[in-house]
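Visitor: Okay, here's what each chain looks like letter by letter:
There are 2 protein chains.
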Amino acid sequence: MQFTSEQRLDDGVLEREFTLGEIPGILWTPGSASAQAPLILVGHPGGLSKMRSRLAGRARHYAARYGFAAATIELPGSGERPRLAAVEQARTDLRRAMVAGQPVGDEIVDALVLPLVEKAVPEWQTTLDTLLALPEIGGPVGYEGGVISIGIRLAAVEPRIAAANLFAGSFVPAAMYEEARQVTIPLQVLLQWDDEGNDRQAALDLFDAFGSKEKTLHANVGGHAGVPQFEIDAGARFFARHLS
Amino acid sequence: MQFTSEQRLDDGVLEREFTLGEIPGILWTPGSASAQAPLILVGHPGGLSKMRSRLAGRARHYAARYGFAAATIELPGSGERPRLAAVEQARTDLRRAMVAGQPVGDEIVDALVLPLVEKAVPEWQTTLDTLLALPEIGGPVGYEGGVISIGIRLAAVEPRIAAANLFAGSFVPAAMYEEARQVTIPLQVLLQWDDEGNDRQAALDLFDAFGSKEKTLHANVGGHAGVPQFEIDAGARFFARHLS
Numbered sequence: 001m002q003f004t005s006e007q008r009l010d011d012g013v014l015e016r017e018f019t020l021g022e023i024p025g026i027l028w029t030p031g032s033a034s035a036q037a038p039l040i041l042v043g044h045p046g047g048l049s050k051m052r053s054r055l056a057g058r059a060r061h062y063a064a065r066y067g068f069a070a071a072t073i074e075l076p077g078s079g080e081r082p083r084l085a086a087v088e089q090a091r092t093d094l095r096r097a098m099v100a101g102q103p104v105g106d107e108i109v110d111a112l113v114l115p116l117v118e119k120a121v122p123e124w125q126t127t128l129d130t131l132l133a134l135p136e137i138g139g140p141v142g143y144e145g146g147v148i149s150i151g152i153r154l155a156a157v158e159p160r161i162a163a164a165n166l167f168a169g170s171f172v173p174a175a176m177y178e179e180a181r182q183v184t185i186p187l188q189v190l191l192q193w194d195d196e197g198n199d200r201q202a203a204l205d206l207f208d209a210f211g212s213k214e215k216t217l218h219a220n221v222g223g224h225a226g227v228p229q230f231e232i233d234a235g236a237r238f239f240a241r242h243l244s
Numbered sequence: 001m002q003f004t005s006e007q008r009l010d011d012g013v014l015e016r017e018f019t020l021g022e023i024p025g026i027l028w029t030p031g032s033a034s035a036q037a038p039l040i041l042v043g044h045p046g047g048l049s050k051m052r053s054r055l056a057g058r059a060r061h062y063a064a065r066y067g068f069a070a071a072t073i074e075l076p077g078s079g080e081r082p083r084l085a086a087v088e089q090a091r092t093d094l095r096r097a098m099v100a101g102q103p104v105g106d107e108i109v110d111a112l113v114l115p116l117v118e119k120a121v122p123e124w125q126t127t128l129d130t131l132l133a134l135p136e137i138g139g140p141v142g143y144e145g146g147v148i149s150i151g152i153r154l155a156a157v158e159p160r161i162a163a164a165n166l167f168a169g170s171f172v173p174a175a176m177y178e179e180a181r182q183v184t185i186p187l188q189v190l191l192q193w194d195d196e197g198n199d200r201q202a203a204l205d206l207f208d209a210f211g212s213k214e215k216t217l218h219a220n221v222g223g224h225a226g227v228p229q230f231e232i233d234a235g236a237r238f239f240a241r242h243l244s
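Protein chains in written order, with our numbering: chain A, 1 to 244; chain B, 1 to 244.
None of these hints come from the bench; they were simulated from the model. Every residue gets a Cβ at the ideal spot worked out from N, C-alpha and C, and that includes glycine. Hints are not guaranteed to be accurate.
What the hints assert, rightly or not - Pair ranges (Cβ atoms, derived):
#1 B:Ala174 - A:Ala202: 20 to 30 Å
#2 A:Glu136 - B:Ser32: 32 to 42 Å
#3 B:Gly222 - A:Arg65: 23 to 33 Å
#4 B:Glu22 - A:Gly139: 52 to 62 Å
#5 A:Asp11 - B:Arg8: 34 to 44 Å
#6 A:Gln201 - B:Gln89: 29 to 39 Å
Said to hold, decoys possible - EDC-like cross-link-like pairs, simulated, lysine to aspartate or glutamate; straight-line CA separation at most 16 Å:
#7 A:Lys213 - B:Asp195
#8 B:Lys213 - A:Asp195
#9 B:Lys213 - A:Asp194
#10 B:Lys119 - B:Asp195
Claimed, not checked - A short list of chain A residues far from chain B (calculated; beta carbon distances all over 12 Å):
#11 Gln36
#12 Arg81
#13 Leu94
#14 Arg160
#15 Leu187
#16 Leu204
#17 His218
#18 Val221
My request is simple: use the sequences and hints to build the entire structure.
Guide: Here it is as C-alpha cells:
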C-alpha cells in the first residue's frame, strides 16, 4: 500500500488517499486515537470520485464522533480502473431491456453482478489485511453500503467482519439469497421505500432470508438517493454496539 | 387530576400515580428540569399493572436521559376499569374463531378495536389538556406504543401531537388504513418480523398507507415481546429530533 496524499481535516480526521497495487482507495482515521480504532469498510456502487463527498460525510462522522477508522476502495471496472468486458456487456443488455420495457432476466442480473462479487470480495480482503497491519487500526471490522451482493458475500465468507450495515439495492442474483442464509453476523439493512429502481418485495424477501439472529430493517420514505441524514448516525450507533 | 402517590427514583426521575376522574395513570418527570419538558404519551395494550415495569423502563430512559416527561393511562375496559360489554363479546368471538382455526373476520376486528379507539382517544386528549396545564410540562407532544389504531386516530385528529413512534400490532380495522392516509406527522413504526400474532404483510401495507413525508420502519427479528433493548433509545432519538 502506498499513501499518495494526506490531509488533516477541520474535524481533526486524517484523510489519506492510497493505492493498493492498481486499486485506488481512501482511508479516514480519527484525530485523537488513544487505542487502535475499529475499522468500517465503506462500500459503494462504483465511481469513487463521484461518490466521494457522500462517502466522506459518513466516514468523517464515524471517525470524528465515534473514533472509528473508515476506508473505501474503487470497485473493479469502475472509475479509472480498466473496464470488465462481461460486466459492460451485461450493462448494455440491461439498458436495452429497460428501454424496451422488457423484464430484466436472471441471466442479465447474474452477468452484471456475479463477476463483480467474484473480483471485489478478494480485493476487500486484501485491503483488510493491509489496513489491519497499520498500527493505528485494530479489529473488529464492519462493512457498510452497497453493492449489497458484495456485502452479503463478505459477511458470509470473511470471519473478521463482525457486523454489516447493508444498503438494499436492485439486481440481486438469485444465488445471493442462498448466500444470505449463511450470514449470521448482526445486520442492519437500509431500504428506501420508494426507490424506483428497486423491487421492494425482493428487498423484503432478502431481509427475511438472512440467517442472522440480530437483524434490523430501517425502511425510509423516499427514492434511492433520499436516505435521511439521521441514518448516518443510526449506522454509527449500530456499529458502536457491535464493534466497541 | 389527583396525584395519589409520589416517589423519587434513583435516577432522579419523579414517578407519580394519578387518577383523572375514574382513569388511573402514571406520570414520570425528569429530576432536573430547567425548562418545561416535552411530553411523551406512552400507549399500551391495556392492563397497567401488568405492563408497568416495561412502560416505566421506557419512560425513565426518556426522562433521565433526554429530559422528557412521559405519561400513561389505563385503557377503557382494562385493569381495574369497568369492562366494555361489546369489546368483551368481540374478545370471546375472537378466541372462539382462533381456537376453531377459522379466519378472524372483519366484523370481529371492528367490534374489538373501534369502540376502544372511540373511547380511548378523547381520554388521551383530556389527559393531554390536564398534563399540559402542569407548570413543569410544555409542548410539543409525542405518542408512542400500541394499540396502533389508537395511535393512528390520535395522530390524525390531535394537532398537539407532533410525532409518533407506533408499535405494529395485529387486528387493525380496515377503516384505520384510510385514517392512516390522513396522518402527516413524522412517524417511526416498530415491527417485530416474526410476531406470530401479527400479519407481517398487513403491517407493511399499513406502513405504506401513512401519509407522512417522514416515516421510518424499524423491523427486528423476533416475536411480539422480543423488541430489542436498543429500540428504546432509537425511539428516544426519534423524539429528540422532533420534540426538542
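Visitor: Work down the list of hints and note, for each, if the structure agrees.
Guide: Against the structure, the hints come out as follows:
Between Ala174 (chain B) and Ala202 (chain A) the beta carbons are some 27 Å apart, a value that agrees with the proposed interval 20 to 30 Å. Range check, Glu136 (chain A) to Ser32 (chain B): Cβ separation about 39 Å, and the 32 to 42 Å hint holds. Between Gly222 (chain B) and Arg65 (chain A) the beta carbons are some 29 Å apart, a value that agrees with the proposed interval 23 to 33 Å. Evaluation of the 52 to 62 Å hint for Glu22 (chain B) and Gly139 (chain A) yields a pass: the beta carbon distance comes to about 59 Å.
For Asp11 (chain A) and Arg8 (chain B), the Cβ-Cβ distance of about 41 Å falls inside the hinted range of 34 to 44 Å, so the restraint holds. Remark: the range hint 29 to 39 Å for Gln201 (chain A) to Gln89 (chain B) is upheld by a beta-carbon distance near 38 Å. Straight-line distance between C-alpha atoms of Lys213 (chain A) and Asp195 (chain B) comes to about 14 Å, which keeps the hinted pair within the 16 Å bound. With a C-alpha separation of about 14 Å, the suggested pair Lys213 (chain B) and Asp195 (chain A) falls inside the 16 Å cut-off, and the hint holds.
Between Lys213 (chain B) and Asp194 (chain A), the direct Cα distance comes to roughly 11 Å. Compliance with the 16 Å bound is thereby established for this hinted pair. Pair hint Lys119 (chain B) plus Asp195 (chain B) does not hold up; C-alpha atoms about 27 Å apart against a cutoff of 16 Å. Every Cβ of chain B is farther than 12 Å from the Cβ of Gln36 (chain A); the closest lies at roughly 25 Å, confirming the non-interface assignment. Under the 12 Å C-beta cut-off, the non-interface status given to Arg81 (chain A) relative to chain B holds; the minimum distance is some 36 Å.
For Leu94 (chain A), the requirement that its beta carbon stay farther than 12 Å from each beta carbon of chain B is met, with the minimum near 28 Å. At roughly 23 Å from the closest C-beta of chain B, the C-beta of Arg160 (chain A) stays outside 12 Å, upholding its exclusion from the interface. For Leu187 (chain A), the condition that its CB be more than 12 Å from all CB atoms of chain B is violated, with the nearest at approximately 9 Å. Not every Cβ of chain B is farther than 12 Å from the Cβ of Leu204 (chain A); the closest lies at roughly 7 Å, contradicting the non-interface assignment.
Not every Cβ of chain B is farther than 12 Å from the Cβ of His218 (chain A); the closest lies at roughly 6 Å, contradicting the non-interface assignment. Here Val221 (chain A) does not stay apart from chain B, with its beta-carbon only about 5 Å from theirs, under the 12 Å limit.
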